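S.K.: Given chain R, put chain C in place with the hints provided.
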Amino acid sequence: DAGVTQSPTHLIKTRGQQVTLRCSPKSGHDTVSWYQQALGQGPQFIFQYYEEEERQRGNFPDRFSGHQFPNYSSELNVNALLLGDSALYLCASSLEAGGRDTQYFGPGTRLTVL
Amino acid sequence: QKEVEQNSGPLSVPEGAIASLNCTYSDRGSQSFFWYRQYSGKSPELIMFIYSNGDKEDGRFTAQLNKASQYVSLLIRDSQPSDSATYLCAVKSGNEKLTFGTGTRLTIIP
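If you're matching them up, the sequences are chains R and C in order.
Per our numbering, the first sequence runs over residues 1 to 114.
Per our numbering, the second sequence runs over residues 1 to 110.
Pulled out of the complex, with its shape left as it was, chain R reads as follows:
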């Protein structure tokens, strides 16, 4: 049973560039959430996708956008990269359960912006 997978593992970009991160949920899961984790901090919620729609969004600018595909996989796009966007980006998947869902994390993508 495959767990949550993310690609790429590491990424180095320069300021102003755009980046796309990818996530495949755990088998049987239909909901994908994205988090940003800066060094020494807890994960910060970016947004959540369910049924190919953005269901919730955290306090992140519009430079952060996403998409969910019919197979439940998801992408996170970040435009006009800033130095402060350097972080570990985590994808978590869950099965919609009326608020009782449990989220499982993928290995993350380490983004470095120079």
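It is possible that part of the hints are untrue.
[Stated by the list, open to error] DEER-style ranges, computed between Cβ atoms:
{"hint": "1", "chain 1": "C", "residue 1": "N22", "chain 2": "R", "residue 2": "Q17", "range": "29 to 35 Å"}
{"hint": "2", "chain 1": "R", "residue 1": "E52", "chain 2": "C", "residue 2": "D78", "range": "20 to 26 Å"}
{"hint": "3", "chain 1": "C", "residue 1": "N95", "chain 2": "R", "residue 2": "P70", "range": "17 to 23 Å"}
{"hint": "4", "chain 1": "R", "residue 1": "P61", "chain 2": "C", "residue 2": "S26", "range": "42 to 48 Å"}
{"hint": "5", "chain 1": "C", "residue 1": "S8", "chain 2": "R", "residue 2": "P70", "range": "39 to 45 Å"}
{"hint": "6", "chain 1": "C", "residue 1": "E15", "chain 2": "R", "residue 2": "G40", "range": "24 to 30 Å"}
{"hint": "7", "chain 1": "C", "residue 1": "Q1", "chain 2": "R", "residue 2": "T5", "range": "29 to 35 Å"}
{"hint": "8", "chain 1": "C", "residue 1": "G94", "chain 2": "R", "residue 2": "T9", "range": "15 to 21 Å"}
{"hint": "9", "chain 1": "R", "residue 1": "G40", "chain 2": "C", "residue 2": "N22", "range": "40 to 46 Å"}
{"hint": "10", "chain 1": "R", "residue 1": "L82", "chain 2": "C", "residue 2": "N22", "range": "42 to 48 Å"}
{"hint": "11", "chain 1": "R", "residue 1": "N77", "chain 2": "C", "residue 2": "D58", "range": "24 to 30 Å"}
{"hint": "12", "chain 1": "C", "residue 1": "D27", "chain 2": "R", "residue 2": "G3", "range": "40 to 46 Å"}
[Unchecked claim] Okay, derived cross-link-like pairs now, DSBU-like style, lysine-lysine, Cα gap no bigger than 35 Å in a straight line:
{"hint": "13", "chain 1": "C", "residue 1": "K67", "chain 2": "C", "residue 2": "K42"}
{"hint": "14", "chain 1": "R", "residue 1": "K13", "chain 2": "C", "residue 2": "K2"}
{"hint": "15", "chain 1": "C", "residue 1": "K42", "chain 2": "C", "residue 2": "K2"}
{"hint": "16", "chain 1": "C", "residue 1": "K2", "chain 2": "R", "residue 2": "K26"}
{"hint": "17", "chain 1": "R", "residue 1": "K13", "chain 2": "C", "residue 2": "K56"}
{"hint": "18", "chain 1": "R", "residue 1": "K26", "chain 2": "C", "residue 2": "K42"}
{"hint": "19", "chain 1": "C", "residue 1": "K56", "chain 2": "R", "residue 2": "K26"}
{"hint": "20", "chain 1": "C", "residue 1": "K67", "chain 2": "C", "residue 2": "K56"}
{"hint": "21", "chain 1": "R", "residue 1": "K13", "chain 2": "C", "residue 2": "K67"}
{"hint": "22", "chain 1": "C", "residue 1": "K56", "chain 2": "C", "residue 2": "K42"}
{"hint": "23", "chain 1": "C", "residue 1": "K67", "chain 2": "C", "residue 2": "K2"}
{"hint": "24", "chain 1": "C", "residue 1": "K56", "chain 2": "C", "residue 2": "K2"}
{"hint": "25", "chain 1": "R", "residue 1": "K26", "chain 2": "R", "residue 2": "K13"}
Hints listed in this document are in silico derivations from the structure and should not be mistaken for laboratory results.
The structure displayed is predicted, hence computed values, not measured ones.
A virtual CB, placed ideally from N, CA and C, is assigned to each residue, including glycine.
M.R.: Relative to the frame of chain R, chain C by itself:
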């Protein structure tokens, strides 16, 4: 602003002893509570979840929830060096987002 507070540590515990990790939360409407373990450079790994007041045990781990005091804790019995990691407390209300604390760094001393 819904907040989850944890002592950042580091918390040092001798091998074989009980490690006690604490977390408080501000939103009284919170319904689901989670503990994740995160090794340095890795992603968070789910250890326990708890929904109801009281204790929930799983192997060497016990989660304790007190909604009246807005307090959730994690006890690790017979601590092992492999338990050395950062422990993240996370809280959720219904279908709302998962809110994390900043984590407590735990070190088990052989």
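S.K.: Each hint should be assessed against the structure and marked as holding or not.
M.R.: So, going through the hints one by one against the coordinates:
{"no.": "1", "hint": "C:N22 to R:Q17: 29 to 35 Å", "in the structure": "violated, 42 Å"}
{"no.": "2", "hint": "R:E52 to C:D78: 20 to 26 Å", "in the structure": "violated, 46 Å"}
{"no.": "3", "hint": "C:N95 to R:P70: 17 to 23 Å", "in the structure": "holds, 22 Å"}
{"no.": "4", "hint": "R:P61 to C:S26: 42 to 48 Å", "in the structure": "violated, 25 Å"}
{"no.": "5", "hint": "C:S8 to R:P70: 39 to 45 Å", "in the structure": "holds, 42 Å"}
{"no.": "6", "hint": "C:E15 to R:G40: 24 to 30 Å", "in the structure": "holds, 26 Å"}
{"no.": "7", "hint": "C:Q1 to R:T5: 29 to 35 Å", "in the structure": "holds, 33 Å"}
{"no.": "8", "hint": "C:G94 to R:T9: 15 to 21 Å", "in the structure": "violated, 34 Å"}
{"no.": "9", "hint": "R:G40 to C:N22: 40 to 46 Å", "in the structure": "violated, 19 Å"}
{"no.": "10", "hint": "R:L82 to C:N22: 42 to 48 Å", "in the structure": "violated, 35 Å"}
{"no.": "11", "hint": "R:N77 to C:D58: 24 to 30 Å", "in the structure": "violated, 38 Å"}
{"no.": "12", "hint": "C:D27 to R:G3: 40 to 46 Å", "in the structure": "violated, 30 Å"}
{"no.": "13", "hint": "C:K67 to C:K42", "in the structure": "holds, 31 Å"}
{"no.": "14", "hint": "R:K13 to C:K2", "in the structure": "holds, 33 Å"}
{"no.": "15", "hint": "C:K42 to C:K2", "in the structure": "holds, 26 Å"}
{"no.": "16", "hint": "C:K2 to R:K26", "in the structure": "holds, 28 Å"}
{"no.": "17", "hint": "R:K13 to C:K56", "in the structure": "violated, 44 Å"}
{"no.": "18", "hint": "R:K26 to C:K42", "in the structure": "holds, 18 Å"}
{"no.": "19", "hint": "C:K56 to R:K26", "in the structure": "holds, 25 Å"}
{"no.": "20", "hint": "C:K67 to C:K56", "in the structure": "holds, 14 Å"}
{"no.": "21", "hint": "R:K13 to C:K67", "in the structure": "violated, 44 Å"}
{"no.": "22", "hint": "C:K56 to C:K42", "in the structure": "holds, 26 Å"}
{"no.": "23", "hint": "C:K67 to C:K2", "in the structure": "holds, 15 Å"}
{"no.": "24", "hint": "C:K56 to C:K2", "in the structure": "holds, 25 Å"}
{"no.": "25", "hint": "R:K26 to R:K13", "in the structure": "holds, 28 Å"}
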